[in-house]
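Protein chains in written order, with this note's numbering: chain A, 1 to 362; chain B, 1 to 234.
Derived from the structure by calculation, the hints contain no laboratory data. Keep in mind that the hints are not guaranteed to be accurate.
In silico BS3-like cross-links for lysine-lysine, where the CA-CA straight-line distance does not exceed 25 Å [stated by the list, open to error]:
1) B:Lys233 / A:Lys352
2) B:Lys50 / A:Lys261
3) A:Lys327 / A:Lys261
4) B:Lys50 / A:Lys327
5) A:Lys352 / B:Lys129
6) B:Lys129 / A:Lys255
7) B:Lys130 / A:Lys232
To give an idea of the chain A side of the interface with chain B (calculated C-beta under 8 Å), a few residues [unchecked claim]:
8) Gly226
9) Ala241
10) Lys261
11) Gly263
Ranges between beta-carbon positions, derived for each pair [what the hints assert, rightly or not]:
12) A:Lys352 / B:Thr165: 58 to 64 Å
13) B:Lys233 / A:Asp308: 47 to 53 Å
14) A:Val282 / B:Val151: 45 to 51 Å
Quick caveat, the model's predicted, so the values are computed rather than measured. No residue lacks a Cβ here, since even glycine has one placed at the ideal position from N, Cα and C.
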Amino acid sequence: MTETFYDVLRRQGISRRSFLKFCSLTATSLGLGSAAAPRIAQAMETKPRTPVLWLHGLECTCCTESFIRSAHPLTKDVVLSMLSLDYDDTLMAAAGHQAEEILEEVKRKYKGQYIVAVEGNPPLNEDGMFCIQGGRPFIEKLRETCADAKAIISWGACASYGCVQAAKPNPTRATPVHKVISGKPIINVPGCPPIPEVMTGVVTYMLTFDRIPELDRQGRPKMFYGQRIHDKCYRRGHFDAGQFAEAWDDEGSRKGYCLYKMGCKGPTTYNACSSMRWNGGVSWPVQSGHGCIGCSEDGFWDKGSFYDRVTDIKAFGVESNADTIGKAAAGTVGAAIAAHAAVTALARARQKAGETEEQKGE
Amino acid sequence: MLSQQDMLEAERHGRQVRSIYVYEAPVRLWHWINALCMVVLAVTGYFIGKPLPTVPGDSTENFVMGYIRFAHFAAAYIFAIGLLGRIYWALVGNHHARQIFMLPITNKHWWSEVFFELRWYLFLEKTPKKYVGHNPMAQLMMFFFFTVLAVGMVLTGFALYSEGTGLGSWADTLFGWVIPALGGSLQVHNLHRLGMWIMMTFAVIHIYAAIREDIMSRQSLISTMISGWRMFKD
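Just chain B, with the same shape it has in the complex (with noise of 0.2 Å):
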């Protein structure tokens, strides 16, 4: 079953809808990019916390630590740069485009399928209903545990980089505030890494939740990244 927004869609698109174009270049694109990012982040972050056992020989052979936050800073950057992009994307794509930047918080309807969506999960009900975007459940947690921790993850790690580029720098400048406003810079460092778990946990649950409606609520939710058109298979 359809949901009202998403039925009109289909309607648009003639009655026998089989398949629907969601997700634009730029979006699975970035999803993409997004993702490698992600993955260098976390293990590079977890090796600045907790480095690797001490590398033998001199220290001038060695830049271990030096490669290992190079390919951070560097992932960062294509992070923030993308997130950036994203942003703009929202503005410009599809309504699709914009679902993780905006809850529908005022529409009674949208709560209910929330519901609907968490009583799914939660085996209360035998039927899946089918979505063209994410499923309103998967918006809340993608709103919460993506974009809002991803611009925080973004503020609190040019704020730490700001302190390697010094004070005035431009990191300084637009991002130094942060470390007093959260109450020193160990603080900070702590909480990046909280941040960084969290974030993890969240794509544990991204991927679950994407194979598992794959499989279970007979539409295309993996492929859909890759080729953009989400399939129904009845």
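Here chain A stands alone, though its shape is the one from the complex (with noise of 0.2 Å):
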């Protein structure tokens, strides 16, 4: 019998007080209510725990980095421990062959148990050559543990989009998790990396209620994913308002207005760092005076400059903005019509000429 997640805690030495104050807070961060923190306690004190194997395909590590840092410090030590990581080789002592028998022994004993974390993506090209380990594809070592889990969690832009390594021209191949298994529920975490509270708010809520969250269209949990940097923006009143920094050193920047004109990707990314920052709640990007990137957005890196507000269009081949683009038709068009127009003031001019010589001649 795997111990639960409440005896992990007393073994280590967390006060039951300590525990509590975890349950409240992983409730309220996930928007559930102060109700829902009688019931996470329960299942933390009664519920076996959830093996996890987190794999790690083309990525930078990024995803890990954030989450052994979430500011809680229970959710660090806790969520680690309760979700029994059977598999991480970043984090992991065992190496080499050792590593390897506990996927094996992992997916033998928890058949259709345990839940799979992938942070990174495969690549394709190649018979997946660009992404080896242990001697063989990380594609097939993804197929072959993803095939017995209960759910697939992909962590950050990189195995929910992409991310860097599937930018345009995408050499590789690298395809996100959900482009190349099928049949299980996949709940995409994307961020470059995600906040860490939401890395382990989504587990807690897992593990606490035997079910994954509510996903939206694309694959994410709505709580977290739900709404945009923008409508969350402590600088929204600034927006507005009217009033923008226009350059990175002039009176509205040091004022703190809105980023918008510095190409403030914050209305077009659905993220939650305007509500729960980073850092244990010190900071966040737009509060740090630069503009979201908008990271967890689909294919963020093919998406134009991140300091432009009206980016390039790159869908149909060309690199132009809409704008650039609009204004040149416009202005031909314009052009077209005026000269147009003279031919046609001109003919008309001739035609009559012609006209009155006819009537002289007759």
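Assembling the complex is the task here: the two chains are given apart, and the hints tell you how they should meet.
This is the structure:
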């Protein structure tokens, strides 16, 4: 029998009081209200820990870095223990054959019971040779591990959308997890990296309620990705008032005006940064004076400059923004119309002259 | 010279036809309200993407972007509801009201008239033809650059609007799918803006062609959209 989350906690010397505080904090951050706190506590006291296999494909480990820095001290220690993170090649002590054995063992012992958390994505070109683990392509390992999983969590922009390695021209054909794995519930937790408390929140929800959180159209948990950065931004008042920073060192920038004109992607980015913030609520990009770059949006590397509001459209093989195309089209058509009108007038004048001559001739 | 269908209609009105009632009141009313909406939408839309210079003073005393966005959304509602009303009128109105919604693409004669009009605009034809409704070329342009584009603008526009109204709102339920389908919020913003430029370019062509034909083809065009009657001057 695997020990429960609460057993682990008590073994680690954490008081019941601290444990209950964690439960209510988690309930609040999940937007569940105070009634959910006892349910979380009960679930953690009674449910056996769920084994989690944490796989790494093509990635930079920023998701892991983010995860282990989850602000609430309990979240970090506890979720890691609670998860029974049986396999995570970055964090685990075992290596080589020992490590790979664990993978096999969990798959056998907890068939259909374990969660696969994927950080990074598999490259598909050259039969997946761009990411080799334990002597074979990562794509094979991913497929095999996911085959008996209960659910899959795609950590970060890499696993959810492809991120930088899938940016054009995507030489390795890095492919998001949901495009290679089918038939399993997949939760996308985008961001580069995702907010640590979002990551632990998603995991806690799944362990507590034994189901995956409600997802939106792009497979993201609604509770964290239901609103745009812009909707909860503390600078929103300046946006509505029409007060913008126009340069990095101008008066507006010093006064903390809206960074919209500096290319902030807050209005087009779904994430919880403006409400949860980073590093234990210390700050977040907009608060530090830089616009959002939209790291949790699909293909954000390929959507033009981070510093333009109206960015390049690359959909039809052109690299030009809507205003450039529009002004060029309007200008060309305007000039063409002027020329057309001139020719019309000329032709008309000539025709009239001809008619007068004909009349004279008669 | 009148086209075949128009000849029949002219015959029904008696041999010596000088004017024919073309655009019924709802079509005319819609045309001008729609034109006004387009102006408001284009101007406010331009300034939503590229805002005006920063206003001085406290943010609680200003609401510039708020008002601009309000005007944009209000005009968008009128534009969209107007479009629905216009579609309804295409079903119940006269056959001219259906012109911009349907192209007779299987009709060979119609295509030859399209090319005739093209030659006319390229100064390759000396005498213009007269049409009771839109000329075939105009109809073709109208269909793609107004009807299809307007539907696209309504879809992308309300999809963007749904981002403000939030998940589960009516706008999200009806139009939210557009955002992932077109590749994300930023892409939809950009395409919506591109659509604005295309529509404005079309508006310029539309106005020029209407004025030009009014003068050159010896039939009324501009006043027709006010009175509803197409006058033929010879």
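The hints, checked one at a time:
The suggested pairing of Lys233 (chain B) with Lys352 (chain A) holds, with an alpha-carbon distance near 17 Å, which does not exceed 25 Å. Proposed proximity of Lys50 (chain B) and Lys261 (chain A) is supported: the alpha carbons are some 7 Å apart, at most 25 Å. Straight-line distance between C-alpha atoms of Lys327 (chain A) and Lys261 (chain A) comes to about 20 Å, which keeps the hinted pair within the 25 Å bound. Straight-line distance between C-alpha atoms of Lys50 (chain B) and Lys327 (chain A) comes to about 14 Å, which keeps the hinted pair within the 25 Å bound.
Distance restraint check for Lys352 (chain A) and Lys129 (chain B): the Cα-Cα separation of roughly 19 Å lies within the 25 Å cut-off, and the hinted pair is therefore satisfied. A distance of roughly 64 Å separates the Cα atoms of Lys129 (chain B) and Lys255 (chain A); the hinted pair therefore is violated under the 25 Å criterion. Of the pairs offered as hints, the one joining Lys130 (chain B) and Lys232 (chain A) is violated, with about 58 Å between alpha carbons and a cut-off of 25 Å exceeded. Because the beta carbon of Gly226 (chain A) sits about 5 Å from the nearest beta carbon in chain B, less than 8 Å, this interface hint is met.
Nearest Cβ of chain B to the Cβ of Ala241 (chain A): about 4 Å, under the 8 Å cut. The hint holds. Because the beta carbon of Lys261 (chain A) sits about 6 Å from the nearest beta carbon in chain B, less than 8 Å, this interface hint is met. Here the hint on Gly263 (chain A) is broken, as its CB sits about 11 Å from the closest CB of chain B, past 8 Å. The given range of 58 to 64 Å is respected by Lys352 (chain A) and Thr165 (chain B), whose C-beta atoms sit roughly 59 Å from each other.
A hinted range of 47 to 53 Å holds for the C-beta pair Lys233 (chain B) and Asp308 (chain A), which are about 52 Å apart. In this structure the hint that Val282 (chain A) and Val151 (chain B) lie 45 to 51 Å apart at CB holds, the actual value being about 47 Å.
Hints 6, 7 and 11, counting from the list given before, are not met by this structure.
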